[in-house]
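Chemist: So the chains spell out like this:
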Amino acid sequence: MGNPGRSNNPEMNRLPFRTRSLLARLLNVSDSSRVAFGHNATHMINLGIRGLVRQGDRIITTSMEHNAVSRPLRYLEKLGIIELVILPCSTTGLLDSEDLRHALKQQKTAMVIVNHASNVTGTVNDLTAIGSIVRDYDAYFMVDCAQTVGAFPIDVEKDCIDVLAGPGHKSLLGPTGTGFLYVSHRTNPEPLIFGGTGTRSGLDYQPDEMPDCYESGTQNFHGLAGLEAALQYIHSRGIAAITQRKKELCTWVLDGFKNIPGLILYGKTTPENRSPVFSVGKKDVDIADIANALLDDYGIITRTGLHCAPWAHQTAGSYPMGTVRLSPGLFHTREDIDMMIEAVDSVFRKMK
Amino acid sequence: MNRPEHVVLLMQSVHQHMVLEEILDRLKIRYRTVVKPRQLGSDCGMAMRIDTADLDRIRQICEHEKLLVFGVFFLVDNRWEPYLG
Ligand SMILES: Cc1ncc(COP(=O)(O)O)c(C=O)c1O
Numbered sequence: 001m002g003n004p005g006r007s008n009n010p011e012m013n014r015l016p017f018r019t020r021s022l023l024a025r026l027l028n029v030s031d032s033s034r035v036a037f038g039h040n041a042t043h044m045i046n047l048g049i050r051g052l053v054r055q056g057d058r059i060i061t062t063s064m065e066h067n068a069v070s071r072p073l074r075y076l077e078k079l080g081i082i083e084l085v086i087l088p089c090s091t092t093g094l095l096d097s098e099d100l101r102h103a104l105k106q107q108k109t110a111m112v113i114v115n116h117a118s119n120v121t122g123t124v125n126d127l128t129a130i131g132s133i134v135r136d137y138d139a140y141f142m143v144d145c146a147q148t149v150g151a152f153p154i155d156v157e158k159d160c161i162d163v164l165a166g167p168g169h170k171s172l173l174g175p176t177g178t179g180f181l182y183v184s185h186r187t188n189p190e191p192l193i194f195g196g197t198g199t200r201s202g203l204d205y206q207p208d209e210m211p212d213c214y215e216s217g218t219q220n221f222h223g224l225a226g227l228e229a230a231l232q233y234i235h236s237r238g239i240a241a242i243t244q245r246k247k248e249l250c251t252w253v254l255d256g257f258k259n260i261p262g263l264i265l266y267g268k269t270t271p272e273n274r275s276p277v278f279s280v281g282k283k284d285v286d287i288a289d290i291a292n293a294l295l296d297d298y299g300i301i302t303r304t305g306l307h308c309a310p311w312a313h314q315t316a317g318s319y320p321m322g323t324v325r326l327s328p329g330l331f332h333t334r335e336d337i338d339m340m341i342e343a344v345d346s347v348f349r350k351m352k
Numbered sequence: 001m002n003r004p005e006h007v008v009l010l011m012q013s014v015h016q017h018m019v020l021e022e023i024l025d026r027l028k029i030r031y032r033t034v035v036k037p038r039q040l041g042s043d044c045g046m047a048m049r050i051d052t053a054d055l056d057r058i059r060q061i062c063e064h065e066k067l068l069v070f071g072v073f074f075l076v077d078n079r080w081e082p083y084l085g
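If you're matching them up, the sequences are chains R and B in order. Numbering of the first sequence is given in the numbering used here, commencing with residue 1 and proceeding in unit increments. Numbering of the second sequence is given in the numbering used here, commencing with residue 1 and proceeding in unit increments.
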């Protein structure tokens, strides 16, 4: 490929442009230059936080955040740069809008950062309601949409979002090594990484133009090509149909799990506003034994432990042991789900 | 001075260049994306060669779409000069 973004092959400039335009359309971003690409959600969350936070800022976040959000915030708190307010969510992971309003009323706040959906409980927060409250108090609204982008509708205008970060490789169905950041016209985060952008090369300083200012160094063109194809698929299937499918998956699994003796499900037991990640456990049983049995006997891959989200497990009541998380995807069929429920049922009956 | 047949348009950013390409494709206005002439800067950016007859219309499109034209140039005696027409 040579250096695709820098050499004289305009097609390689058009590739990120097309991917950017498709993503912008999905999020109702009217100016696609406000969308920048990076390595993953963590990279983009760090850019959003580190680029906007100023000495003395008060930041409000929730008790459901992933380490991708909590660790950068804790670091800035430790350095004495920010005051951090962590709002407790319900055990299912829902943020109470009134708690947020109360916290915003108390003191001038620079930014509110929330998880759209928890990677532990799957609970989807109401961004439109939260966003309008945050806007009332003139704070920046930042959203970690790692668990929802491509699966649930996100509208940066309607939801009053100033900063939105997500990965390309989860529900956007793209390759690993891709992530994105949207920033509204109200915000201009400082770049995290400075260097060659392929533009304004005579300048000693980082150019201001979006998205170049955030995309220094050779970009992941292979990843963006995959993400373009994935976004075309999502647009052709339609986000409403995808959301509906996710709800069906939730309905089938929740229905099946109801009758499994001893199964503890962390999170909502109803399919509305829920993404299909199911954190389960059994009293006095090591989650590793459950996971091993599911893998060895049924070939079902799960993820055990704290899922990089200790705060969320503390909130849900599954800390420090963690859970076994099952996360069926868009392409699983009803038969796959029935087979999964049978497997979980059989494993749970055996574990005493 | 005779009007040159072609001029070269430099946009504010690569992104804006791409937005303009998309619009011109849609409107079937002819252009060619070319490597920015060295004399117009040490930048590794791109430029757009258009028919001079289309310049006014393209300028209007840019204004309407809030795309910033960084400069318009034409070649005289092997030198690139700003085109003021
Ligand atoms: C809620 C949440 N935020 C952030 C991340 C980090 O995403 P990435 O691995 O793309 O950096 C994840 C990934 O698991 C997540 O679930």
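Keep in mind the hints are simulated off the structure, nothing from the lab. Bear in mind that the values here come from a model prediction, so they are computed numbers and not experimental data. No residue lacks a Cβ here, since even glycine has one placed at the ideal position from N, Cα and C. There may be inaccurate statements among the hints.
Unchecked claim - Here are a few chain B residues that sit away from chain R, every Cβ distance over 12 Å (derived from the structure):
1) 21
2) 27
3) 73
4) 79
5) 83
6) 85
Stated by the list, open to error - Cβ-Cβ distance ranges computed for the label pairs, FRET-style:
7) 243(R) - 61(B): 53 to 61 Å
8) 186(R) - 84(B): 33 to 41 Å
9) 349(R) - 22(B): 53 to 61 Å
Chemist: Now look at each hint and say whether the structure bears it out.
Modeler: Status of the hints after comparison with the structure:
With a minimum CB-CB distance of about 8 Å to chain R, residue 21(B) fails to clear the 12 Å threshold, and the non-interface call is violated. Distance check for residue 27(B) against chain R: the nearest CB is about 17 Å away, which clears 12 Å, and the non-interface claim stands. Chain R leaves residue 73(B) outside its interface by the beta-carbon criterion, the shortest separation being 17 Å against a cut-off of 12 Å. With 12 Å as the threshold on Cβ separation, the claim that residue 79(B) sits away from chain R holds: the shortest Cβ distance comes to roughly 19 Å.
Even its closest Cβ contact with chain R, about 22 Å, leaves residue 83(B) beyond 12 Å, as expected for a residue assigned away from the interface. In this structure residue 85(B) is separated from chain R by more than 12 Å, as the shortest Cβ-Cβ distance comes to about 27 Å. In this structure, residue 243(R) and residue 61(B) break the distance hint of 53 to 61 Å, their C-beta atoms being roughly 37 Å apart. Evaluation of the 33 to 41 Å hint for residue 186(R) and residue 84(B) yields a pass: the beta carbon distance comes to about 37 Å.
A beta carbon spacing of about 59 Å between residue 349(R) and residue 22(B) agrees with the range 53 to 61 Å that was offered as a hint.
Of the numbered hints given earlier, the model fails hints 1 and 7; all others are met.
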